[in-house]
Amino acid sequence: MTKYIIKKIITSLLVMLGVSILTFGMGRLAPGDPVDTVLAGTQNPTAEEIASARAYLGLDEPIVSQYFKWLSRALSGDLGLSFQTGQPVSHELAVRLPQTMILTLGSVIVMLVIAFPLGIISALHRGHFSDYTIRFFNVLAISVPSFCIGILLILVLGVKHKWLPVMGNGSIKHLIMPSLAIGIGTGAGLARLIRSQILTHMEAEHVTAARVFGVKSSTILKNHVLKNAIPPIITNIGLMIGGMLGGSAIIETLFSWQGAGSYAVQAIYARDYPVIQAYALVMAVIYITINILIELSYFVTVPSVYLLGGRDGK
Amino acid sequence: MPYLELKNVCISYSGSAVINDISFSLQKGETIGIAGESGCGKSTLAKAVLGILPKNADITGSIKYCGKELIGMPEKEFAKLRGGGISMVFQDPSAALNPVRKIKHQFYDIFGTRRSARKSADEKIIHFLRLVHLQAPETILNRYPAQLSGGMKQRIVIAMAICKAPQLLIADEPTSALDAEIRLQIIEELMSLKKHLGFGMIYISHNLAELSKVADSILVMKNGSLIECQKTAELFANPRQTYTKELIAAAE
Amino acid sequence: MVNRIKPAAPMLIGIVLAVFLIILALCAPLIAPNDPLKVAMANTLQKPSADFPLGTDQLGRCVLSRLLYGARTSLGVTCLVLLITVFIGTVIGTVSGLFAGKLPDKLLTAFCEIVLAFPGLILALVISGLLGPGIVNVMLAIALVSWARYARVVRSLVISIREADYMKAAKVSGTDGLHLVTRHILPNIGGAVGTVAVTDIGSTILKFAGLSFIGLGAQAPEAEWGMMINEARLYMAKMPELILYPILAVTISVFAFQLISDGLRDRLDDKSQ
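Protein chains in written order, with my numbering: chain A, 761 to 1074; chain B, 67 to 318; chain C, 437 to 709.
Hints in this document: simulated from the structure, not taken from any laboratory. Watch out, some of these pointers could steer you wrong.
Derived DSSO-like pairs (lysine-lysine); straight-line CA-CA distance at most 30 Å [stated by the list, open to error]:
hint, chain 1, residue 1, chain 2, residue 2
1, A, K987, B, K168
2, B, K279, B, K142
3, A, K976, B, K94
4, B, K311, A, K976
5, A, K982, B, K311
6, A, K987, B, K94
7, B, K73, B, K230
8, A, K982, B, K73
9, C, K674, A, K933
10, A, K976, B, K288
11, B, K94, A, K982
12, B, K146, A, K982
13, A, K987, B, K73
14, C, K674, A, K920
As the structure is a computational prediction, the values presented were derived from the model and not from experiment.
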């Protein structure tokens, strides 16, 4: 088991390394002189300043050592200077990231609250009217882009009834609409997954066996179906959180939510490459970290998954 | 009155027939063997007796258990019969046990044990694990199925099947997923339990040699129909059908 | 049994809707009552009339015509994106599969892993940010992040085909590598890759609309749904229908292809059982 954990962590670190190489490469491919990423705050840099910036980036050295210089700076929290403000990107990100986290958390809560009841009801009433109704609304909900759900919410709750603020952060009230916008679609997607997982696990031989041995049907649902379906569902929740982090850029822009996503979108408008680069790197690292944490959390909750050697509990 | 009585049972899946007009009965404490190749409908018959046929199955005829008609019995009533009235030992013990739960928790489910009553339930479980001759039952309680051997798992499945004292036990190919050297142990285990607890048994197998060890009489099935039914000794001495002769030849 | 041959009802609805949308997109120049780009500052934000069946937008342009041309943009872009994606994915997946276990395969597989490590739209956002706004750049951005899944699928298909007997036979009889790929591999993976591509249509429409909404995709004055939604935001209180039409258009399109994709997936599940 420990071997498995170590292997998982090493793989994740390698992927992070790959991510950093790709991000570094994209930064170099961006138009403009990389020296600007260091001198963004300086008005009319002198030849000396430019020379020292070149040395700092290692531009005269081979590309590989440039990368390692960049990486070691990134690891120590130096992600370059923003073209727009001349301020360190890491400072701004440090303020913005928690906001994105809060929004993601809100969205996850909405997603879970929607997905579990709908998925379970739909599976248990398979083939009945309630199942068809839920499935119809699930398909519908995943067909509406999240920013459109956001707009519809703004129309109804913000513009028409003025119940909720339509932009900005700061309070729980501000959080409700953006969380719903992201959570409804992903919740519907998760509900579909939960339904199919439950149905798959209901067909397992040990469920039949439990029935034959006289186990109560509510106990079977809880202990023989849901418990087994949870690990693959959780793995997928991890993947969905990734989608939320990525999708949040659009929703943050829509609601003027001061998170990392809207920061990156503004940077894209302004061609502020250091910010864009830092955003990609940080988000990928967060995503990989979330997934490895979920993987590791299985050790506490369902150790047997590892005894079987299966990754997703099958 | 026979314990179990099947009359003109026909079963079809979405219109295609699987079981054609089967009738037989089983007396108290008797063991009936059902022989036939895989796909002949043996397992479907077992599912019908347990009321766990899939939804697309149609069943006609009559299955009476202790005089009560099982076909058309409401699920709520049927659920009470399972475990305590009729139970089953499954072919593949690895599939019949929930891979993500400890053995003791799977027993708690069967007994409907509340959290507060687990201590006393453990003793009961250990009693049944001893009954099926498992070594160190105390340690088995906390094991996951994947940590146990195939033979141990099948003994546990047997313990689960008999722990509510059923009157009728169906054994559906209980040895075919096991290693050859363990098969005989499991057969002996079932026979000694039967003697001890006095339940009737339907023993399903494709292997006539195995059936000859356990069954009082043997039914031979082919393509969903019953083609021969005799006392075990007579069947071997004097098989009427050529198909039966082939099965006997294959077993030797 | 019959059910497996006939598509299920939802899938049929999806197909009908999709065909309808494709016809609308193809025939937009014929059906559209007006020029979608023609600005008329004299009659902005008009209610529906005989000339403008769905009214006009903030620049006096015909909303219905813009919606119809928007279908053209959305479906056209989606089609191209998927073509590029499938092409890149198939090339990389095939190379990877042919060299399975060797260095080129390991490098390409690692590259796939890395691309897939960026969550959701983030890599597409970043690439289109680096390339600058515009439809072509957004198409490239989406394709450059979507190919990895196809490469994975193709790789495993190629490996399984290579192991199949007839490939061994073909190798023994001395066919060259290119022949192997064109005659044995590509025809055999076409169906599976096509299915994955069809299931991706809906999500591609969503991605494109999203990126256009934040101004990275289609640029004014083009007619595109995501951009129309963005432009109509300013007039949300005054004229909510202006924003509802394009939202409805995106939703119906994605819904149609989602139904088809669900149907295809169900059929695959049936087959595998």
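How the hints compare with the structure:
{"no.": "1", "hint": "K987/A x K168/B", "result": "holds (12 Å)"}
{"no.": "2", "hint": "K279/B x K142/B", "result": "violated (37 Å)"}
{"no.": "3", "hint": "K976/A x K94/B", "result": "holds (27 Å)"}
{"no.": "4", "hint": "K311/B x K976/A", "result": "violated (44 Å)"}
{"no.": "5", "hint": "K982/A x K311/B", "result": "violated (49 Å)"}
{"no.": "6", "hint": "K987/A x K94/B", "result": "violated (39 Å)"}
{"no.": "7", "hint": "K73/B x K230/B", "result": "holds (27 Å)"}
{"no.": "8", "hint": "K982/A x K73/B", "result": "violated (37 Å)"}
{"no.": "9", "hint": "K674/C x K933/A", "result": "holds (24 Å)"}
{"no.": "10", "hint": "K976/A x K288/B", "result": "violated (36 Å)"}
{"no.": "11", "hint": "K94/B x K982/A", "result": "violated (36 Å)"}
{"no.": "12", "hint": "K146/B x K982/A", "result": "holds (19 Å)"}
{"no.": "13", "hint": "K987/A x K73/B", "result": "violated (40 Å)"}
{"no.": "14", "hint": "K674/C x K920/A", "result": "holds (11 Å)"}
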